[in-house]
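Generate coordinates for the entire structure from the input sequences, incorporating the hints supplied.
2 protein chains.
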Amino acid sequence: MINREWHLLSRPVGWPKPEDFALVESPVPTPGEGQVLVRNKYLSVDPYMRGRMSAAKSYAAPFELGKVMQGGAVGEVIESKAEGIEPGDHVLHFFGWREYAAVDAKNAVKVGTGAEGVPLSAYLGVLGMTGLTAYAGLLRTASFKEGDSLFVSGAAGAVGSQVGQIAKLKGASRVIGSAGSDEKVRLLVDEYGFDAAFNYKNGPVAEQLRQAAPDGIDVYFDNVGGDHLEAAIGSLNQGGRVAVCGMISVYNNTEPAPGPRNLARLIQTRGRIEGFLVGDHYDLQPQFVQEVGPWVASGALKYRETVVEGIENNLEAFLGVLRGDNIGKMVVKL
Amino acid sequence: MINREWHLLSRPVGWPKPEDFALVESPVPTPGEGQVLVRNKYLSVDPYMRGRMSAAKSYAAPFELGKVMQGGAVGEVIESKAEGIEPGDHVLHFFGWREYAAVDAKNAVKVGTGAEGVPLSAYLGVLGMTGLTAYAGLLRTASFKEGDSLFVSGAAGAVGSQVGQIAKLKGASRVIGSAGSDEKVRLLVDEYGFDAAFNYKNGPVAEQLRQAAPDGIDVYFDNVGGDHLEAAIGSLNQGGRVAVCGMISVYNNTEPAPGPRNLARLIQTRGRIEGFLVGDHYDLQPQFVQEVGPWVASGALKYRETVVEGIENNLEAFLGVLRGDNIGKMVVKL
Numbered sequence: 001m002i003n004r005e006w007h008l009l010s011r012p013v014g015w016p017k018p019e020d021f022a023l024v025e026s027p028v029p030t031p032g033e034g035q036v037l038v039r040n041k042y043l044s045v046d047p048y049m050r051g052r053m054s055a056a057k058s059y060a061a062p063f064e065l066g067k068v069m070q071g072g073a074v075g076e077v078i079e080s081k082a083e084g085i086e087p088g089d090h091v092l093h094f095f096g097w098r099e100y101a102a103v104d105a106k107n108a109v110k111v112g113t114g115a116e117g118v119p120l121s122a123y124l125g126v127l128g129m130t131g132l133t134a135y136a137g138l139l140r141t142a143s144f145k146e147g148d149s150l151f152v153s154g155a156a157g158a159v160g161s162q163v164g165q166i167a168k169l170k171g172a173s174r175v176i177g178s179a180g181s182d183e184k185v186r187l188l189v190d191e192y193g194f195d196a197a198f199n200y201k202n203g204p205v206a207e208q209l210r211q212a213a214p215d216g217i218d219v220y221f222d223n224v225g226g227d228h229l230e231a232a233i234g235s236l237n238q239g240g241r242v243a244v245c246g247m248i249s250v251y252n253n254t255e256p257a258p259g260p261r262n263l264a265r266l267i268q269t270r271g272r273i274e275g276f277l278v279g280d281h282y283d284l285q286p287q288f289v290q291e292v293g294p295w296v297a298s299g300a301l302k303y304r305e306t307v308v309e310g311i312e313n314n315l316e317a318f319l320g321v322l323r324g325d326n327i328g329k330m331v332v333k334l
Numbered sequence: 001m002i003n004r005e006w007h008l009l010s011r012p013v014g015w016p017k018p019e020d021f022a023l024v025e026s027p028v029p030t031p032g033e034g035q036v037l038v039r040n041k042y043l044s045v046d047p048y049m050r051g052r053m054s055a056a057k058s059y060a061a062p063f064e065l066g067k068v069m070q071g072g073a074v075g076e077v078i079e080s081k082a083e084g085i086e087p088g089d090h091v092l093h094f095f096g097w098r099e100y101a102a103v104d105a106k107n108a109v110k111v112g113t114g115a116e117g118v119p120l121s122a123y124l125g126v127l128g129m130t131g132l133t134a135y136a137g138l139l140r141t142a143s144f145k146e147g148d149s150l151f152v153s154g155a156a157g158a159v160g161s162q163v164g165q166i167a168k169l170k171g172a173s174r175v176i177g178s179a180g181s182d183e184k185v186r187l188l189v190d191e192y193g194f195d196a197a198f199n200y201k202n203g204p205v206a207e208q209l210r211q212a213a214p215d216g217i218d219v220y221f222d223n224v225g226g227d228h229l230e231a232a233i234g235s236l237n238q239g240g241r242v243a244v245c246g247m248i249s250v251y252n253n254t255e256p257a258p259g260p261r262n263l264a265r266l267i268q269t270r271g272r273i274e275g276f277l278v279g280d281h282y283d284l285q286p287q288f289v290q291e292v293g294p295w296v297a298s299g300a301l302k303y304r305e306t307v308v309e310g311i312e313n314n315l316e317a318f319l320g321v322l323r324g325d326n327i328g329k330m331v332v333k334l
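Line by line, the protein sequences give chains D and R. Residue 324 in the UniProt record's numbering is what sits at position 324 of the first sequence, and the numbering runs on without skipping anything. Residue 290 in the UniProt record's numbering is what sits at position 290 of the second sequence, and the numbering runs on without skipping anything.
All clues stand as given, with none of them false.
Restraint ranges, calculated between C-beta atoms of paired labels, are given here:
#, chain 1, residue 1, chain 2, residue 2, range
1, D, E25, R, R210, 44 to 54 Å
2, R, L9, D, P214, 26 to 36 Å
3, D, D215, R, S54, 18 to 28 Å
4, D, D215, R, A22, 38 to 48 Å
5, D, I78, R, P256, 52 to 62 Å
Rather than coming from a laboratory, the hints here were simulated on the basis of the structure. Backbone N, C-alpha and C define an ideal beta-carbon position, used for all residues, glycine too.
Here it is, written out as structure tokens:
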């Protein structure tokens, strides 16, 4: 049996290029004591992975050059040297970007097999880290409460679409989203139930936001940074909160871009901007599953996936996320 | 008796010019029922007043054109038509920029006469709104706690010098300040007990801060904005907090200046930037006086005043605060 895995060969400068990576063949690993051998079925691709491709110290260690990259994955256990996990079980773990992985049992979480009507890939998205990111950032970092008006950027993305829907389900007075195509904007309003949405490519963000939120916003969930953040600060109501989940607009800059010009507005509004990482909020996972799980099961909370097939398309899928090609969570099916 | 008072004639564009203002003579007002007539002894001049000279809606209403401006003042009651306040009492109120004021008793707070060794002017500064600004911003907005390292800009100013000293007295691991002259820098270290200080005009703020705080900072108290804020974000430790009290560097800009280029660092540090206004924190006043009063009385907390004499120099004193001419709280003595 042959294992294929994606290596990082050189650290991208600006936009990642195909020659920075290689799909390499290697032997299927042999699980050690306490490990399980997993045949991956779905691999996650996420914007944060761009950060780990750089050498700079970030919240996660940089990927090592000449070695296989990492990321979320779900797969089937085909061999077990650990108690409590049997061949045939499905597990969630962090050894993506490859076909086979030997995983310490303590780093593998058993998940449903998809038999209950929840597809396996959902554990990489709506019921996984993506969903918890939306939930924790909205409720804990941004202190969202019933009656707040909310703006979320990257709203058609995996995190953004959940942020807006969870806010609606929890009593937001108004939910506004921005996205990068008219198709996505329609999706936000027609399928996800946003009160308003706009295509940020159609005009200045600040102006479009003012029209969509004439009474201002109480919470901004930032996936984008740049113009979006400046516009949100400009529309922030008194006591407004900004949760910074990501700043996809700046990740590939080789020169740092100027920040918002209106930060002094934080004084008069008593506004707050705060960054967060989902890893600090795993304690919310039980509460999250308890509250959001039924919404997913009942269809009250909708989600989409963009599925790309084949390990050989893993890199292209990742680049697609950076470009915004995906609608909802992007996964690679093996 | 003639009253002299400063009027705003036109809204300054950029740096305020003398012709935007006029010192006008008017009759001494007659106190109505429930009012007291106060002969002002000290007038406060503060950077925030620049905001009220503009038409834009801010946290305080704009000054009206052709009318007398406002600001903190302490003076002696020379006539009373209110119960509980007698001629000879000294009161703190908000009708500065003039020699005489008729003040509703409910808007006047009785203060010591200076007989206990605390000069009357202190009620405009170290024991007044200035001191509470430092205290509330540091403890409540920035959640300062024992062991934190602190950076404060405008550190030789009225608020900044108190921020640094209160942090030291409450167990900061390291207190760093920036100021605009070598003389002020010496004052910070030699008199106020800062662990390190630098002159921001002597080199890039980010570099000087990194040298002064090689282990980073947990709290930044921002009086300045601009380069200082970007430098602070760059040196922010995990879980760091920024309290935005003022952004004096941007108040006179006619074009908005670009903001910090490194806001994405808030994600990895889980950093927080939050604006505040002292008016939201008057509930802390008793706790503040109880804790800081004894430090002032014992000399553990030092302060300086820059005193300018004469109502005719009130405008120049205000411009001096914007230029940074003052060391400590700037007041006008009548």
